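Enquirer: Chains as they are written, first to last, in my numbering: chain S, 162 to 272; chain L, 24 to 136.
In case anyone wonders, no lab produced these hints; they're calculated from the structure.
Bear in mind that the values here come from a model prediction, so they are computed numbers and not experimental data.
Treat the hints with care, as some may be off.
Unchecked claim - Part of the chain S face toward chain L, derived, beta carbon under 7 Å:
#1 Tyr174
#2 Phe200
#3 Pro201
#4 Gln203
#5 Pro205
#6 Gly252
#7 Phe262
#8 Gly263
#9 Ser264
#10 Arg267
Stated by the list, open to error - Using 35 Å as the maximum straight-line C-alpha spacing, the simulated DSBU-like pairs for lysine-lysine come out as follows:
#11 L:Lys36 / S:Lys213
#12 S:Lys213 / L:Lys49
#13 S:Lys213 / S:Lys230
#14 S:Lys230 / L:Lys36
#15 L:Lys49 / S:Lys259
Ideal Cβ positions, reconstructed from N, Cα and C, are used throughout, including at glycine.
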Amino acid sequence: LAKTTQPISMDSYEGQEVNITCSHNNIATNDYITWYQQFPSQGPRFIIQGYKTKVTNEVASLFIPADRKSSTLSLPRVSLSDTAVYYCLVGGMDSSYKLIFGSGTRLLVRP
Amino acid sequence: DAGVTQSPTHLIKTRGQQVTLRCSPKSGHDTVSWYQQALGQGPQFIFQYYEEEERQRGNFPDRFSGHQFPNYSSELNVNALLLGDSALYLCASSSFGGNHEQYFGPGTRLTVT
């Protein structure tokens, strides 16, 4: 399973765009990249998943370069409620696949 | 439509005791996975149940065992509790072979004293 590396923490201000980059140099051909969000004392929540290029949904965008060795989660115009831990995971697309979490990135959004 | 539910919310146990945690999956889901999350760490995969059988297991000792019932709900049992077992235990449900998303419950906070 590919190991992921992401910043331990990031600070931002309300209304700014936040980009969190994840490194996964050993990603396998059939691995997808998935991001989860976790608030204190809650379970993680799926944000977005992609394989290559760009994926966008109502919450975020995911940018994946051609070599797929990294990915960037982009959160547009963050608010205080976006303060959370964000996890980057790589693995199979099948939901029966066990999720391997790293330590995540703690995002703090300031007023 | 109820999401994933877990019980109890919190509990306190003493070293050496045994504990059982319970999980009801989201409606329509047949697969349950359990994760342990220590303070300040990401969740760690314990095991996964599908069709009442353990399908995958993470790097956890045999003190951790589980069960899945015909209605897809699941239990996590931990024997001979250690102080290091204090953590948030998360249950996630999904549809086997289905799409990519696992739905997590709110967790059970276990404190071992």
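Enquirer: Now tell me, hint by hint, if it's right for this structure.
Expert: Okay, the hints, checked on the actual structure:
no.	hint	result
1	Tyr174	violated, 25 Å
2	Phe200	violated, 10 Å
3	Pro201	violated, 10 Å
4	Gln203	holds, 6 Å
5	Pro205	holds, 5 Å
6	Gly252	violated, 9 Å
7	Phe262	holds, 3 Å
8	Gly263	holds, 5 Å
9	Ser264	holds, 5 Å
10	Arg267	violated, 9 Å
11	L:Lys36 / S:Lys213	violated, 46 Å
12	S:Lys213 / L:Lys49	holds, 30 Å
13	S:Lys213 / S:Lys230	holds, 10 Å
14	S:Lys230 / L:Lys36	violated, 44 Å
15	L:Lys49 / S:Lys259	holds, 17 Å
When each numbered hint is compared with the structure, violations occur for hints 1, 2, 3, 6, 10, 11, 14.
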